[in-house]
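> Chains as they are written, first to last, in the working numbering: chain A, 239 to 515; chain B, 239 to 515; chain C, 239 to 515; chain D, 239 to 515.
Possibly wrong hints are sitting among the right ones.
Calculated pairs, EDC-like style, for lysine to aspartate or glutamate (alpha carbon to alpha carbon, straight line, at most 16 Å) [claimed, not checked]: (1) B/Lys-489 x C/Glu-414; (2) C/Lys-489 x D/Glu-414; (3) D/Lys-489 x A/Glu-414; (4) D/Lys-489 x A/Asp-416; (5) A/Lys-489 x B/Asp-416; (6) C/Lys-363 x C/Asp-338; (7) B/Lys-489 x C/Asp-416; (8) C/Lys-489 x D/Asp-416; (9) B/Lys-435 x B/Asp-367; (10) A/Lys-489 x B/Asp-367.
Bear in mind the hints are in silico, worked out from the structure with no lab data behind them. These figures come from a predicted structure and were not determined experimentally.
4 protein chains.
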Amino acid sequence: MLRPASIRFAPAIALAALFGLGEVGAQTQTQAQTQTSVDPAGNAAVIDDIVTGSRVLADFGVLDGFGHVSARDPNNPNHFLMSRSLAPALVTAGDIMEFDLDGNAVDARGRALFLERFIHAEIYKARPDVMGVVHTHSPNVIPFTISQVPLRAVFHNAAFLAAGAPVWDIRSDFGETDMLVRNPAIGRSLAQTLGDKSVVLMRGHGDVAVGPAVRMAVFRAYYTDVNARLQSQAVALGGLLNFLTPGEGAKADAVNFAVIDRIWNLWKMRVTTTLAK
Amino acid sequence: MLRPASIRFAPAIALAALFGLGEVGAQTQTQAQTQTSVDPAGNAAVIDDIVTGSRVLADFGVLDGFGHVSARDPNNPNHFLMSRSLAPALVTAGDIMEFDLDGNAVDARGRALFLERFIHAEIYKARPDVMGVVHTHSPNVIPFTISQVPLRAVFHNAAFLAAGAPVWDIRSDFGETDMLVRNPAIGRSLAQTLGDKSVVLMRGHGDVAVGPAVRMAVFRAYYTDVNARLQSQAVALGGLLNFLTPGEGAKADAVNFAVIDRIWNLWKMRVTTTLAK
Amino acid sequence: MLRPASIRFAPAIALAALFGLGEVGAQTQTQAQTQTSVDPAGNAAVIDDIVTGSRVLADFGVLDGFGHVSARDPNNPNHFLMSRSLAPALVTAGDIMEFDLDGNAVDARGRALFLERFIHAEIYKARPDVMGVVHTHSPNVIPFTISQVPLRAVFHNAAFLAAGAPVWDIRSDFGETDMLVRNPAIGRSLAQTLGDKSVVLMRGHGDVAVGPAVRMAVFRAYYTDVNARLQSQAVALGGLLNFLTPGEGAKADAVNFAVIDRIWNLWKMRVTTTLAK
Amino acid sequence: MLRPASIRFAPAIALAALFGLGEVGAQTQTQAQTQTSVDPAGNAAVIDDIVTGSRVLADFGVLDGFGHVSARDPNNPNHFLMSRSLAPALVTAGDIMEFDLDGNAVDARGRALFLERFIHAEIYKARPDVMGVVHTHSPNVIPFTISQVPLRAVFHNAAFLAAGAPVWDIRSDFGETDMLVRNPAIGRSLAQTLGDKSVVLMRGHGDVAVGPAVRMAVFRAYYTDVNARLQSQAVALGGLLNFLTPGEGAKADAVNFAVIDRIWNLWKMRVTTTLAK
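Build the full structure now, drawing on both the sequences and the hints.
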């Protein structure tokens, strides 16, 4: 990791606050404020979003023991930040590591790495606009990954799906595998299928959501799962369905950006409350 | 806000009680009782219902980070009360603001407003009988907003649906939009489709439930969601379904009024318990 | 209520235990043990089962703010015990009242009564073998009450359904009503449709489960809801289904009696833990 | 139980840790470390996995009041370890007993036994590779046990299903029964249908998952339930589905072994947190 000083202290505050350790928290805060002033990169905020996003998605059941949230390094567009191999519900700021766009850890120090970090590396390489990536085994989405029914935008919170959400099948390029994105070539294939979209479905596996910020990637991962559930219910009603048009989707998605703090603040509080119990 | 004195103290009690702050609560209660005696408008009770309703619907997942609950001002039928822009689960009495029926804040003081306050304004304008309005992205209802299958009353707690629940499609009058009720004209169109019904569905968006009291609007928002889920399950069984007739609906809905306190007291306790944890 | 002395103290133990009031609990226990020795009727145990059953079914979502659990008075087969009008999640032993089989309260003392107590009264009258009755708006069952698909036994825990679960439609005998069992005549009609079965479905309303003990009635109310959910999922898979035969049902239901304490103890602990939080 | 010394102390640590009994925990730990050094069998670790697995599956709703988790005795392949008759959510290390492969308790001491221990006994007898067995009434799986639609692997976490999951119908060999595996002959029939697979479905009852370790059996019981839910949703979408091939299944299941600690640690923490509340 590049800036160990600030990162080492920032999570101490977060955890102290989460677990109601008033005394310790107060002391650490002083240290951290000092450290923050020497954190020109502003990584602490992005790392906090990775931690919050990981826990929120775990809390909602979009992530279970697997899956991961990453952010492009705000200081170095050729690097990204991501947890060591760990269940998302347990990720803390101290677990976040730095990687280059070939998926190599900058300073591994013997920590276990996610096998599928190439999902993130290759998408950051192919899509300069993407600042956050989320990979999940989103339960409501998985049925669409093995179905011929395309996932489409049912409501405005999932407006980003109105542009389409392609399905990537690892078997098309790589034959019978263990289904994992375990090297750069497989990651590249996935990134190509994603194209310029916000979400790509992975056959028999899950999905990847991307965004111009970690928060938007988390938001999209969440609402992709919700939309899939609602579309499944709508399909079961029978008959023709009235989806958002691409034009509506583009306009409505712009609003999602404008209001994301409202739901992000709620989610952050939800995770904090859960942890404090 | 019109009556800051009573409103400033009432939430202090509520919060003290919710968080088990015995000492502070006891002190504040004395102040508040004094204040209540100079609150001829009785707004405190209605505001408490807005807060409780917002939190109950969030707790049940009918509301997520978005949506809102409002009440017609009991003192001034040309005004209504509604939170500043905030996730419903976080609304407290101190967040409630006052609006006129064009959606203008009486005393904004720089607070952020809900973009879709025109839903409420135009319904209060068109429907003098309505005292409470709830707008949600009710997850079980959304599939019906994009389907040709009409939402119908499956059981007596949702008897108010037996009169019908029309679907409003913003595209019919306004073409491709960002899907939001962001001005009076769009609100008027929605209110016209609602007509004299209790619930209107919004295509690709959610629904609006109204009632002769905030509690009834919240009750209807909740049971609209439950009814939609049960109807979806019933449709999936296949074959003809035996819905409530309009006659049964009218009679059964009258009973809902009579017993609402029983479930409201439970809901209020549920929200209080959740917060106190 | 007939034996106020024992009843007054028994709930004090229960509540003290539930809320971890060690000191008070210890003191009260001494009193209660004394009282128990003068409680020849043994009503305290049955009342505890009504309270536990009400809260368990509320905790599982089988009951929401409405519905009720009753027991035939173990001392007087022409009376039954049931809460005053109250949400099931809030019922305590002190809320239990005594009724005759015409639905009259023995000692009302101004307390509000459940409008639908005639469900219980008329079933106890018609079925001497029944010792416990549960009425719910069981969400997974309601779809079957309006469908032509009969509810059938999917697995052995719901073996009691293998004998059939008839659907009662209030409209057949009484035309367009408010859907409620609000007098003895309507209760009688319902009891006739129940016949010698364990469960009767109420069109557009819910169901009633009965048993040779309160615990069995609660067990059946719970597994009727579970079975309905599983049958709905099985129907949605398509094709022929392989239900329990009546012969299997009779044999398997006998085992349910033998093992009910295992799950009852779990449920009681679950409710206790929830309350203690 | 064979080695009471180590077993008597090991659960004391576990419980002290779970309930945050710092002092007691610290003292007991010293004792236990001493004891561990005289526990050549290493049963404590396996027993802890049985307890954790029972509670995790109960927490997820895969187990309700019924079902059981067992392990082959790591010291004696002709014995297995399993709780006395108890709801899985309540199992502690002190409840684990030892059985021979005919289902006889080695040292019953009057404790109640699970009627269906023959499921475990006969599978351990027939399958030397199996070290852990889980029997559940897995709610999402039960519909497949009465359907003609075979359960198939929808995603890589359930890769072990790609080899097939046969359905065993007790009625085929034994006619109309109470549906229980209540003797060795019935257990043998079930084990034969299981064959060399990882999961066998029991018509109108539930399923059995096995593995080369308790953790893998628990993992498979959990993901069998998840897979069944996802496959049900996929079937409801209509059209052809793209399941994992047997080749993909074999490769992907090998990865599940490699990463099981990541999710097991999460689950163990989840159970611990739940208990500590």
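> Now, for every hint given, state plainly whether the structure supports it.
Hints, one by one, checked against the model:
The suggested pairing of B/Lys-489 with C/Glu-414 holds, with an alpha-carbon distance near 8 Å, which does not exceed 16 Å. Note on C/Lys-489 and D/Glu-414: the hinted pairing holds, with a Cα-Cα distance of about 8 Å set against a maximum of 16 Å. Note on D/Lys-489 and A/Glu-414: the hinted pairing holds, with a Cα-Cα distance of about 8 Å set against a maximum of 16 Å. Taking the CA atoms of D/Lys-489 and A/Asp-416, the gap is near 5 Å; set against the 16 Å cutoff, the hint holds.
Between A/Lys-489 and B/Asp-416 the CA atoms are separated by roughly 5 Å; this keeps the pair inside 16 Å, and the hint holds. For the proposed pair C/Lys-363 and C/Asp-338, the alpha carbon gap of about 10 Å is at most 16 Å, so the pair holds. Between B/Lys-489 and C/Asp-416 the CA atoms are separated by roughly 5 Å; this keeps the pair inside 16 Å, and the hint holds. Straight-line distance between C-alpha atoms of C/Lys-489 and D/Asp-416 comes to about 5 Å, which keeps the hinted pair within the 16 Å bound.
Simply put, B/Lys-435 and B/Asp-367 have alpha-carbon atoms about 11 Å apart, close enough for the 16 Å limit, and the pair holds. Restraint check: the Cα-Cα separation between A/Lys-489 and B/Asp-367 comes to about 35 Å, which exceeds 16 Å; the hinted pair is violated.
Hint check: a violation occurs at hint 10 only; the rest are consistent with the structure.
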